[in-house]
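Sequence order for the protein chains is U and W.
So the first sequence is numbered by the numbering used here: it starts at 1 and just counts up by one.
So the second sequence is numbered by the numbering used here: it starts at 268 and just counts up by one.
Be a bit skeptical, because a hint or two may be false.
What the hints assert, rightly or not - Computed spacing ranges between beta-carbons, pair by pair:
1. W:A526 x U:I247: 34 to 44 Å
2. W:E489 x U:I40: 45 to 55 Å
3. W:P425 x U:K183: 28 to 38 Å
4. W:W525 x U:M18: 46 to 56 Å
5. U:E154 x W:G456: 16 to 26 Å
6. U:Y229 x W:L450: 29 to 39 Å
7. W:K395 x U:I14: 18 to 28 Å
Claimed, not checked - Only pairs whose alpha carbons sit at most 25 Å apart, straight line, appear in this in silico DSS-like list of lysine-lysine:
8. W:K278 x U:K2
9. W:K278 x U:K252
10. U:K172 x U:K183
11. U:K214 x U:K41
12. U:K252 x U:K183
13. U:K172 x W:K278
14. W:K357 x U:K82
15. W:K391 x U:K183
I should point out that these hints are in silico values taken from the structure, not numbers from a laboratory.
Even for Gly, the Cβ is constructed at its ideal location relative to N, Cα and C.
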Amino acid sequence: MKKYFVTLTYLIIIVCFMIPILSLFAIALSEGFDVYWQAIKHEEALEAIRLSIIIALIAVPINLVFGIGASWCIAKFDFPGKSMLTALIDLPFAISPVISGFIFLTIFGMDSVLGSWLASHGIQFIFAIPAIVIATMFITLPFIARELIPLMQEHGNEEEEAAIALGASGIKTFWYITLPNIKWGILYGILISLSRAFGEFGAVSVVSGHIRGKTTSIPMHVEILYNEYNYVAAFSVASVLAILAIITMILKNSLLSVKNVDLEKSQ
Amino acid sequence: MTKTNILPFFKISFSYTIFYLLLLVILPISYLVFHATQLDLNDFISSVTNDRVLAAYQLTITVALGAAIINIILGLLISWTLVRYDFFGKSILEMFVDLPLALPTAIAGLILATIYSPGGAFGKILSKLGIQVAFTNLGILMALILVGLPLAVRTLEPIIREIDSDVESAAYGLGASGLQVFLRVYLPGFMPSIISAFSICFARALSEYGAVIFIASNIPKESEIVSMLIYSKIEQFDYNEATAIALVMLLLSFFILWAINAYAKRWII
Numbered sequence: 001m002k003k004y005f006v007t008l009t010y011l012i013i014i015v016c017f018m019i020p021i022l023s024l025f026a027i028a029l030s031e032g033f034d035v036y037w038q039a040i041k042h043e044e045a046l047e048a049i050r051l052s053i054i055i056a057l058i059a060v061p062i063n064l065v066f067g068i069g070a071s072w073c074i075a076k077f078d079f080p081g082k083s084m085l086t087a088l089i090d091l092p093f094a095i096s097p098v099i100s101g102f103i104f105l106t107i108f109g110m111d112s113v114l115g116s117w118l119a120s121h122g123i124q125f126i127f128a129i130p131a132i133v134i135a136t137m138f139i140t141l142p143f144i145a146r147e148l149i150p151l152m153q154e155h156g157n158e159e160e161e162a163a164i165a166l167g168a169s170g171i172k173t174f175w176y177i178t179l180p181n182i183k184w185g186i187l188y189g190i191l192i193s194l195s196r197a198f199g200e201f202g203a204v205s206v207v208s209g210h211i212r213g214k215t216t217s218i219p220m221h222v223e224i225l226y227n228e229y230n231y232v233a234a235f236s237v238a239s240v241l242a243i244l245a246i247i248t249m250i251l252k253n254s255l256l257s258v259k260n261v262d263l264e265k266s267q
Numbered sequence: 268m269t270k271t272n273i274l275p276f277f278k279i280s281f282s283y284t285i286f287y288l289l290l291l292v293i294l295p296i297s298y299l300v301f302h303a304t305q306l307d308l309n310d311f312i313s314s315v316t317n318d319r320v321l322a323a324y325q326l327t328i329t330v331a332l333g334a335a336i337i338n339i340i341l342g343l344l345i346s347w348t349l350v351r352y353d354f355f356g357k358s359i360l361e362m363f364v365d366l367p368l369a370l371p372t373a374i375a376g377l378i379l380a381t382i383y384s385p386g387g388a389f390g391k392i393l394s395k396l397g398i399q400v401a402f403t404n405l406g407i408l409m410a411l412i413l414v415g416l417p418l419a420v421r422t423l424e425p426i427i428r429e430i431d432s433d434v435e436s437a438a439y440g441l442g443a444s445g446l447q448v449f450l451r452v453y454l455p456g457f458m459p460s461i462i463s464a465f466s467i468c469f470a471r472a473l474s475e476y477g478a479v480i481f482i483a484s485n486i487p488k489e490s491e492i493v494s495m496l497i498y499s500k501i502e503q504f505d506y507n508e509a510t511a512i513a514l515v516m517l518l519l520s521f522f523i524l525w526a527i528n529a530y531a532k533r534w535i536i
C-alpha cells in the first residue's frame, strides 16, 4: 500500500506544485542571468517593488496589532457572540478579492459622499496609495489572528492565571508567559501576511486605477509585462514573489520543527 | 461567563477588535448592501438574472464544486501519505504542498497559463493527446485545484493524525478488508473534517480571481467566472450592475462561511 500512496503523492505534488514553480524560474532565467537581473532592476519594476513594500509595511503591522488583540480576547475569554466574531475575521478570506476592492471603490470613489469630500479637500484616496493600503489591510486581516487563536487556545489559561495570581502585572504576564508561547506563530503570521500583501492582485487592481509606475504593485507590473508578451521579464519580476513565498514556507517548516523540539523539551 | 476570569486586557482587546472590524469589515460591507438597496428592484433583478450573469454563476459554481471534490480526494491521499508514512523527501514535499498559501495566486495563474498553453511544457504533451487545458474550462478547474489543495491537505491532516490504531487493528483482526476499514471505520470519523475541508475549498474556489483569469479565455457566457464578470462591469463603470452581482456572491459566501463555522472546529489558513 505504502508504495502506491507515496508514488501517487510524489506524482501529484511534482505535477501540481514542483514543475510550475520550477518553470517560473526556468523561464525567468531562460535568457541568462543578465536579462533576468535587468528586468528586476528596471525602473518600473523597482517602482512596483517600492510601492509593494510601502503597502506591506503599513498593512502588516496594523494587522499584527489587531491579530494579537483579537486572538487574546477570543482565545482567553468566553463571551456571547464569539463564533460570530470569529466568522467576521474569516470573512475577508471568503470574499472574492474583486468584491473586496469594489467595496472600497464604492466607498471612496469619486461619486460617493466620502470620495467627493476627500477630493474637495485635495486628498487623493482612490486610485492612490491610501486605497491600495486599505484594500490590502482588508485582504490580509485574517492571517495573523487565525494563526494565533488556535495557538493560544492550545496553551490554555493556567500559566497566565498563575502569573496574575502571584501578582505579576498584565504587561509582564503577556511579555514573559504568553509571548514566548506564540512567538513562532507571530513570525509565521507576519511572513504569510507579507507574502499576501506583496502579492494581492484582484482587490488592488480594482482600487489602484492602473497608473503605470505610480499605482502598480508587483503583481500588477507582472501582469502588464505578461500582456506585452514580455514573458521573461514578467517571470523575472514574479520570481521575487516566488522567492518570498519559498522563504516563508522554509521558515514555516523549520519553525514547526523548532516548535516540536520546544514541546519535547518542556515535556 | 461561567467562572471568573482573572486575566487582564479583556475590555481593551475586545473593544479594539470590534472597533477594527467595524471600521474595516462591517461598515464597508454594510455600505455595499445599503448601496444595493438603493437600486431599482427591477433593475436589480434583471442585473442578476440575465443570461450572461446566470451563465457565469453556473460556471463558477460547477468548477468550484468540481475542484472541491477533486481536492478532497487528492487531499485525503496526500495527507494520509504525509501523516502515516515516512519516506525519502517527505519534508520537501510538505514544503511544496504549502507553497500556494504564500505564492500570490495571480503568479500561480500566470505560470499555469504559460505551461499549459500549447507551446508550454505540459501544453505540448497534452495537445499531442488532443487535450487542451489553457484557455478552456479545464484550465479553470486546474487553477482552482492548485489553489485549494493546500487548504484541503492542512484541514484533513489533524483528523488522520488522531486515528485510533486500536480500533483499526481490531477491525483488521475481525477480518475486515482494507476498503471496508476505510469505508466503515475511518470515513464516518473523517466526515466532519471532510465537510469543512470541502466548504473551505468551495468557498475559496468560488471567490478566486487571480489564479483563474489568465488561464481562462474569459468569453462571456462560455468561460467567464463571476469575479471576472464583476471586474469587467467595474471597468465599464457599470457600478450598479456590479453591486447587484457582488451582493448575490456575498450572500453565497456568507452562507458557506456560516456553514463552515457551524461545522468546523477551526479554519486552517
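Evaluated hints:
The beta-carbon spacing between W:A526 and U:I247, approximately 35 Å, falls within the hinted interval of 34 to 44 Å. Under the hint 45 to 55 Å, the C-beta atoms of W:E489 and U:I40, about 37 Å apart, miss the expected range. Under the hint 28 to 38 Å, the C-beta atoms of W:P425 and U:K183, about 22 Å apart, miss the expected range. Between W:W525 and U:M18 the C-beta distance comes to about 37 Å, which lies outside the given range of 46 to 56 Å.
Our hint of 16 to 26 Å for U:E154 and W:G456 holds, since their Cβ atoms are close to 21 Å apart. The given range of 29 to 39 Å is broken by U:Y229 and W:L450, whose C-beta atoms sit roughly 51 Å from each other. Evaluation of the 18 to 28 Å hint for W:K395 and U:I14 yields a pass: the beta carbon distance comes to about 20 Å. With a C-alpha separation of about 52 Å, the suggested pairing of W:K278 with U:K2 is violated against the 25 Å cut-off.
Simply put, W:K278 and U:K252 have alpha-carbon atoms about 32 Å apart, too far for the 25 Å limit, and the pair is violated. For the proposed pair U:K172 and U:K183, the alpha carbon gap of about 15 Å is at most 25 Å, so the pair holds. Note on U:K214 and U:K41: the hinted pairing holds, with a Cα-Cα distance of about 16 Å set against a maximum of 25 Å. For a cut-off of 25 Å, the pair hint linking U:K252 to U:K183 stands: about 12 Å separates their Cα positions.
Using a Cα cut-off of 25 Å, the hinted pair U:K172 and W:K278 holds, with the two alpha carbons roughly 18 Å apart. Proximity of W:K357 to U:K82 is assessed by CA-CA distance (about 38 Å); at most 25 Å being required, the pair is judged violated. In summary, the hint linking W:K391 to U:K183 is not supported, as the alpha carbons are separated by about 47 Å, beyond the 25 Å threshold.
Violated hints, in rising order: 2, 3, 4, 6, 8, 9, 14, 15; the structure is consistent with all others.
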